[in-house]
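My request is simple: use the sequences and hints to build the entire structure.
Below, each chain spelled out in residue letters.
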Amino acid sequence: MRTRRLLQRRLGAHPVALASVAVSVAASMAVVTGLQLLTEAVADAGVQSVLDVPTRERSVAVSAALDPGALSPVDDAVREEMASLPGGTVTRVASAPTRGMPGRSSTDRALLADVDGVRAATDLLDGRWPRRPSDAAAEGSGRVEVSLPSTAAERLGLEVGDALVVSDIVDDAAPEVTLVLTGIFRPRSPDDALWVDLPLALQGVTESDFTTYGPFVTAPGAFDGPLVGASTVTWRLAADVGGTTRDRLPGLERAVDRTVRELRRTVGLPLEAGDPETEEPSGLPLRSPRVVSDLPALLDSARGVADRTRVTLLTPTVLVVLLGLVALVGASGLLASLRTGDVRLLRLRGASSSRLGALALGEAIVIAGAAAPASALAGAVGIRALTGQGWGSLVDDVRDPALWAAVLPLAAVVVAVTTATSTWAGREGAVVESSGRGTRSGLLAAAAAGLDLVLVGLGVVGVIQLRRYDAAGSTTVDPLTAAAPALVVAGLVVLALRLLPVLARLVARSGDRRAGLSLAWGGWQFARRTAGQTGTIVLVLLAASMGSVALSQVATAEQAFEDQSAFEAGAALRVGQAGGVNASGTGGTVTETLDADVVMPATRREVGLGDLDDVTVLAVDSARAGEVMDVRPDTVSDGSWPAVVGRLTASRDLGGGLVLPPGTRQFQVTVRAALPPDAVEDYPAVAHVRDGRGVVRTVPAGSVTRGVSRLAGDVADLESPVALVGVAAALPEDVRRAAQPGERTAFDVRRVTADGEPLAGVDAFSDESTLSALWWTADPAPPGPVAAVVTREVAEAIGSAGSAAPSLSVGSRDVPLEVVGVLDVLPTAAVPTRGVLVDLPQLAAVPTRTGGDGVQRSRVVVEPDEWWAHPGDPAEAAADLEAAAPFGTTILERSALAAERRADPVNRGMRVAMLLVAAASVLIATLGFAASTAGLGRVRRHENAVLFALGMPPRRIRAVMVVERGVVVALTVLTGLVVGVVAAIVVVAFLVGSDGHAQVPVVRPVVPTALLAGYTATVAAILVAAGVAVLGRSVGDPTNRSHGGGQS
Amino acid sequence: MNGDRLVVHDVHRTFGTGETVVRALRGVSFEAGPGELVAVRGRSGSGKTSLLNVIGGLDRCDEGSVLLGERDVTAMSDAELLALRRGPVSYVFQSFGLVPVLTARENVGVPLRLRGYAAQERERRVARALADVGLEQHTGHRPDELSGGQQQRVALARALVADPQLLLADEPTGQLDSDTGRVVMTLIARLAKERTMTTVVTTHDPTVLSFADRVVEIVDGVART
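Protein chains in written order, with the UniProt record's numbering: chain Z, 1 to 1048; chain F, 1 to 225.
Hints in this document: simulated from the structure, not taken from any laboratory.
Glycine residues also receive a C-beta, built at the ideal position from the N, C-alpha and C atoms.
Accuracy of the hints is not assured; some may be wrong.
For each label pair, taking beta carbons as the anchor points, the in silico distance ranges come out as [stated by the list, open to error]:
hint : chain 1 : residue 1 : chain 2 : residue 2 : range
1    : F       : His141    : Z       : Ala420    : 33 to 39 Å
2    : Z       : Thr1018   : F       : Gly116    : 33 to 39 Å
3    : Z       : Thr1018   : F       : His141    : 39 to 45 Å
To be clear about the criterion: a stretch of chain F counts as covered by chain Z if any three or more of its residues have a C-beta under 8 Å from a C-beta of chain Z, and this derived list gives those stretches [as the list claims (entries may be wrong)]:
hint : stretch
4    : 82–88
5    : 113–121
Structure, rendered in structure tokens:
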């Protein structure tokens, strides 16, 4: 009972100091609790962000070859197993081997497909959906009803009701099938799961060595009939992973693993890939089964991001805990120092150490008990406010065991630290003030003993580890690594304690030489009482440095978003060509919508180069690349980007061509074709023209027939000067088939006119013809290497390949390269470090090696399929293009991509966390500084009374103390800023790069000078203001105080 | 410098109200001339320090007057009292009143800083004051590096550095042993004579009384000469 009464009196003895301890504790706990809650929310958001992927990446696919009649039992079995994954949707696509198209080019192909669910995923634009014949006789008639995407129908010139004959390209004896077009459709969304296994439906036509049209979609079940034969069927289970949270991941992973294993068992594959021992025969009628899924890897990646998010947000949490602990120790020490007299009296009256300890413990429990619920509520409310969540489930938040799992351990730490500090400080005397030489605080002594260097060393090791983990993409991070940023900051802060006394002495010396007292007094007090103020100094140092790190992280992340968006888009605006028949319209729309001067045509290929796969070859109009392409300067070696890319333009030699007079609207070409007697059709011809930029384009030129033909092409819309560099006409398969053995073709250009005016130079062209095509081409560029800017990895691969000149295979060309510039990463490249940039006009002019000693211009035109631009208002230009561009055109706008990155939950969460750290730093430091200043005012009353007796006005005494505190604040905040900047340079790149996404180009630390200056000034102003407010109350009027004399 | 004549006339000072009222001074009167050292003797709680505070303007009396030359201390405003303590009146405290983190030189220089002396003149005066008390070898020492007597001599140097006309010393030997106290009092008495400075010393130490030109005894707030 006596102890309880003592405790009550103790609690009531210094209410303001006690309140300052409680508020410091509550504020720190609230911030830490808030960060814990934020971590959970951000981790969940990170998981959902990772899982927000195209259907292909979040699905399980089963494919197999089936004979007619086998679909039903296999379909039932596969669907049954797929149903074991809750919430998934199953699609099925069956496709037959491509068929030839008699009467068209020998390289034309038709793809037939049976698509389950096609009606729900498309809009029927014309006609009706195909029907399966009602009886076997009708099925054997050789006619199959089909529907076709509009893009394919337009390209083939087919309308509803038309018929198209297709043939088996392997078995000449197989009967031809007549496809009857009953309907034309258009896919509703390119993201629909159906098109993952049938991408042709989105474009209608694909061109490679063969030109494939389709899909010709049959009626359901048509593949079970006799006409189509064997087919490949793919079932795709798209998992519903939206809204998945971190705690649901393990269950989802187990369900996916189980489903994949059961599917493998069902189709007769080994349960463990590559382990025949685990294989069980399947009773289903299928061949060549496959079970493919990226989902396990995706879920693993999501778990990794969640782990990394937690680790990343552990850094600000550790920093705030560190700050809170320092504040707590300082406030508790201050309280204990105020109780020195009470404690001495209790000891004199026989109180034991254990009893005093019990009092300290009781007081600590009261403080923690009051702070815990307040901090839990404040943390939950604060995070909801900062993240913009509603208030609906706030009560649930407060009831959440996870919240109390964060709060209660903190409360226990508070009890332990408060008790220990109070007991220690009570034994040692006041910690706020110490005087005289040779007195050191624990931290200063630790610094002197090299603890700061040890902390910095540990931090450096941690950061190295962190970068290694980051580079390896590992999700397992050890505690040292997680604490690395905090260790770096802590180490630098303690290190700064060595520096501060030196700075303070300089201030003192400066004041010593002046007439007045204020500056000298401030300098003396700070320089000679550093030990006594270590707690305050460390608190302010930590606050200033942590705020600097937090704000630098935010600025660095902002810059990283811009850099990565610039890398992804390549320019302010990048337009990708629509597929199928819309392709040719994209370029025209872009140049019509935007000013042609800000547009750079480009095209890309993925090729192998030496030992490197997936090398992106980007061919651009290099004359505009310097201003249009967004290349970060520090990724370019050997000069500025315009200078480096200008070397491509400087080395241009585009070969021959028949230059048309400026202003030519149309050219005409008179040709004579010698063809087999049976080749009596009109064969479409194209002209290859080079525009004013050097880009070669294909222009429709009419038709070639046997004998003499007049071809014509419009060039009015092309940039002058335009040059004719070739004419070509593809001959259909029929010509080859109809030709007699030994029969040849010939192609001769007689005359070329521009708007009717004859042009000279026709003889400089060469002509060639086969039974497949007729060609007439201008001279190519001289053989020799093509200038290229390559990435460092490519340059090193080329360098290590020996003396052989590196060359690329692009568009039937064998392109030898000469490296004229090196980049770290090539914007938009699939593998950022593997890229080759060449001049598109130069690439078009590269000769094709025909064997022996002859070279000629390639007959394959490398046309642009991307348009990069830097319009004045990219957002407005993007909107205009959205409205005008053909269906399927892709538009990437850099600023929109950056906005998406900013809105990413992980990035947004980290930003909130860091701003919270900055705000918490100011709050906790202000509370701690105010408390210590109040204590200082009380402790200094003796000295203040002496000054008063010496004739110093009370107002000036306060002013002197304000100056003194100002000196402390100024030196400490400035040092904290330096510490923060150093720590930021070391750690923020990692903090930004830990959201689980690739950071390309590498993150550069950004130190926002103006922002940090503003932050530092604000912190200093707040602290000084708090000091002034507190000193106004605590210094008071020293008139009635003792000045060291007796009380008589 | 010549000191001013101090005239204390019928000074009353009461603390508290009602039942807790303490009448610390009840009509104290005495005079002290330039170069004269007056000792105010009394037991603990007799009102010695209260009297000194009223004389030095640290406190105000309820009745009576304190004249320093032509100046009526009791009629001065707060600002005038502060100016009084920065110039004509100086204190020496029982517990020295030195700032522990300042060296002897810096402590002594504080009053001159308050009066805005330029650094060079300040250093010259500080050096002289410390030499006057025999501490020219200890200018860089901090209080905890000095003995009690040395600390009190630093306090004396600080009190004298601004050439006061009235020196008020409150139990200056209270924390010193008798030999050291004698040394300090010898110094005070010598400097008081040399500078013809009016000096009032409170004490209950008989040793101090031997240095006094006159002794005023205070018993329960009443002076007896």
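Consistency of the hints with the structure:
{"no.": "1", "hint": "His141(F) - Ala420(Z): 33 to 39 Å", "verdict": "37 Å, holds"}
{"no.": "2", "hint": "Thr1018(Z) - Gly116(F): 33 to 39 Å", "verdict": "34 Å, holds"}
{"no.": "3", "hint": "Thr1018(Z) - His141(F): 39 to 45 Å", "verdict": "42 Å, holds"}
{"no.": "4", "hint": "82–88", "verdict": "holds (count 6)"}
{"no.": "5", "hint": "113–121", "verdict": "holds (count 6)"}
Of the numbered hints stated above, none is contradicted by the structure.
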